[in-house]
Structures are given as structure tokens and as C-alpha cells.
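**Student:** Sequence:
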Amino acid sequence: MYKGKIIKFYRQKAKLTQQQLGYGICSNTHVSKIERRMTDYSPELTLLLSKRLGINIEEEVERYKNIKRLLHCWHDAMIKQRNEDIETIKDKLEKEPLIQISDSQILYELLRARYYLLHHDLKQTDKIIKDIQKKHKHLPPYERNLLKHLLGIYYLSRKDVVKAFTILKTINGEDYDNAEYYLTLATASLAVNSKVTAYYYAEKSLQFFIKSNNFLKAIDAEMIMLMTQESDGHRDFQKKVEHYQALIQTSELCHALDKKARLLHNLAYEYYSRNEYEAAKRQYEQAMVLKEKKSAVYLISLEGFIRSCLEGNLLSKNELVKHIHEGLLIARESNEYLYTICFKLLLYLINNHQTQYYSYLCTNALPYFKKCGYVTLVQRYEKELFHYYLKTDETDKALELATRVIMD
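Under UniProt numbering, the first residue of the sequence shown carries the number 1, and numbering increases by one thereafter.
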């Protein structure tokens, strides 16, 4: 089955015609039929052709068959975040010339895109995905759903949460044997403020991760479940804090400092939401220490830190302004427009430039938040804008905003 493809590959690599390869062995017509798998041929004939090509055909067939197994191992390593295995298998695949003629070539390209997503290289990811979409209009079921999964991750990375959520909902779980996508769907659901959906899919993914001993992803699933749970009383909140602390400890044991940083950030937000600004400040500071300074994840913790200090009156105005300018500089250098907006709003707020603050909120911030689907931010700032209009006796604008919110 595979021998004809392999013979053709090495013949073309050696820049031989079919006639040159078959000279003294068989006709070029027979070579053509062998390469197209249109005829039966004896092992002796295969041996002679492969000897002329300088290959061991049986070894080549085994290597060809091994490609699919390697790809599945690579995908599994990426799902389980085994970084050393990811790089080792990647090197093996890149050195495998038969990948060019493998039936799994599309899967290989998709997994290359997944690899670049893991390394936050969105430019290379976009290039690979567009190339696949251009060359292959009709993908096999598994590959088609894997592409949708990758697009979901890609758009989440680009902070286009509505598009991510919309695409991920179209994945057919029966054709896509990778329950990990439930976690991505849970993440997108939370981003569009669909907490019930987020909890449902996070719990489904958690069951899969526990069965497959994927403790790192289990932490992510539990984190989302915690973020969707309401804690009404003090006792509920304390239980939630204890759950966070247990996950932080697990992250330390797994040497997953990125997950520890996210947990600390989320716990900080829990304290902030309860107006416990000193505790929030401490957690945000711990999270920031673990994050790369010129990154979006650092900026989100910095923004939370500044808000906690502002509302808790924990730093002077000069210190707050200094931190805001730091955030603005990083956001502009890393093209993080969301955080450029957030820090500009904070700067107007701290300098008591009320007119500029609400003008910028109305003309720049809210349209961008709505476009990207940041439901929580939209709700927060529309409520703030509504109260501002009432306070300044702009009742027509307040009514228009309230009507628009109800219609949405």
C-alpha cells in the first residue's frame, strides 16, 4: 500500500525519471503503475527498485507508519503540557522527510499551528491556518474540528472572545475525540460572561483530565469552576479561598508557576470584589512577580493592583500615576490595545479629568469592549456611564443608554 508512494518520493528526490529507475528492471509503464498503486508486484521487484534508490523499503514503510503514531504522541504531549516531549517529538517530525507524502500531512500542519499557539506566536499560527484553509477546502472530520478548536484558541489569544465562542460551539464532539476542547469552550464562555455554560464545560473537561491524569489541565478546569461560583456569606468565601490556596499549592508542586500566577490574580479579584483592597493588593503583587513584565497577563494584574490601591487609598497619587505610565508604556510596546484603553481611563480618573474620562469611555472604550465581546467590562462601564448621565442631568442620554442595554 505504502511502497509505491515511497518509491515515487525517493525517485523524485533522486531526480530520476520512471524510465531511468526501471531501466533493466521493468518498463517505465510498470514503474508508473507501482507508484500509483495500480498493480501487484513481487517483493523481488520492489527490492531491486529500492536498491537502485539506495533505500531499505521495509524500514521506510515502518517509518511511514510511525508518522501517525508520532503525531498523536505530539498532540497528547501538547494537551498534557509536557514541554520536553513536545520539543523532542517536534525535532523527530521535522527530520522525517516522508511527512511530505504522509496521509497525515494536514494533521501535521494543524499540530504545527497548535505548537506555535503554545508559544504565543500568533503570526506564524495565522500563516499556517490560512495556508491550510486555502489548500484544503474539505478536511476530514477530525481535522476539520481540530481546525475549529485551534481557531477558538487563536481568537481567544487575540482577545476576540465572541468569535472564539461562536466557532467553538460548532465543534462536533462525536467526530473530535479530544475532550480537551471543553476547557477551551469553558474559557470562551466565561469570557462572554456565560457563567453557567462555563461551569458546565469546565466540569466536563475536569472529568476527562482526571481520568487521563492530566493534573495541569485539571487545575485550569477547577480554576474556571471557582470563578463561576458565587460566594454569598463569609463562610462560603472562606471555603473559596481555601480552594484557591489548595490549587496554588498544587501548582507549586507541579512547578506550574504560570498557573500559580493566574490563581493568585483570580484570588486577588475575589478580594477586590468584596472591597478587601489590602488583601487584593497583596495577591496582585504576588501574581505580578511571577509574570513576564512585558506581557498581557502582567498588565491585567497591574491594572487590578492599581485599582485596588486607588479604591483602598493605599498609595499616593504620584505612585499610582507612575504605575499607570508603566502600564501604558508596556501596553503600547506590546500592541495591547485593550490595556492601553484601561490605563488611559485610570489616568483620567486619578487626575480627576472627569469630562475627558467619560468622553473617552463613550467614544473609544465602550465601542471596543463591545466589538471584542468583553461583556463584564461593558456592563461595568455602561452602569457607570448611566449614573454619570443621571448625576449631570443628561436624562436623554441616560434613557437612550438604558434602552440600548435593554434591547441588547
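Derived by calculation from the structure, the hints in this document are not laboratory data. Certain hints may be false.
Ranges of calculated distance between the beta carbons of each label pair, as one might list FRET restraints [unchecked claim]: (1) E394 / K371: 20 to 30 angstroms; (2) N172 / R69: 16 to 26 angstroms; (3) Q245 / L390: 34 to 44 angstroms; (4) K169 / R37: 36 to 46 angstroms.
Calculated cross-link-like contacts (lysine to aspartate or glutamate; reagent style EDC-like; alpha-carbon spacing at most 16 angstroms) [unchecked claim]: (5) K217 / E230; (6) K148 / D160; (7) K68 / E143; (8) K195 / E230.
Here the structure is a predicted model, which is why all the values come from computation and not from measurement. We put the CB at the ideal spot given by N, CA and C, even for glycine.
**Student:** Take the hints in turn and mark each one as holding or not.
**Tutor:** Hints, verified against the model:
Our hint of 20 to 30 angstroms for E394 and K371 holds, since their Cβ atoms are close to 24 angstroms apart. For N172 and R69, the hinted distance range of 16 to 26 angstroms is satisfied, since their beta carbons lie about 25 angstroms from each other. Separated by about 41 angstroms at the C-beta atoms, Q245 and L390 satisfy the suggested range of 34 to 44 angstroms. The beta-carbon spacing between K169 and R37, approximately 41 angstroms, falls within the hinted interval of 36 to 46 angstroms.
Proximity of K217 to E230 is assessed by CA-CA distance (about 23 angstroms); at most 16 angstroms being required, the pair is judged violated. Straight-line distance between C-alpha atoms of K148 and D160 comes to about 14 angstroms, which keeps the hinted pair within the 16 angstroms bound. Taking the CA atoms of K68 and E143, the gap is near 13 angstroms; set against the 16 angstroms cutoff, the hint holds. Between K195 and E230 the alpha-carbon distance is near 10 angstroms, which keeps this suggested pair within the 16 angstroms criterion.
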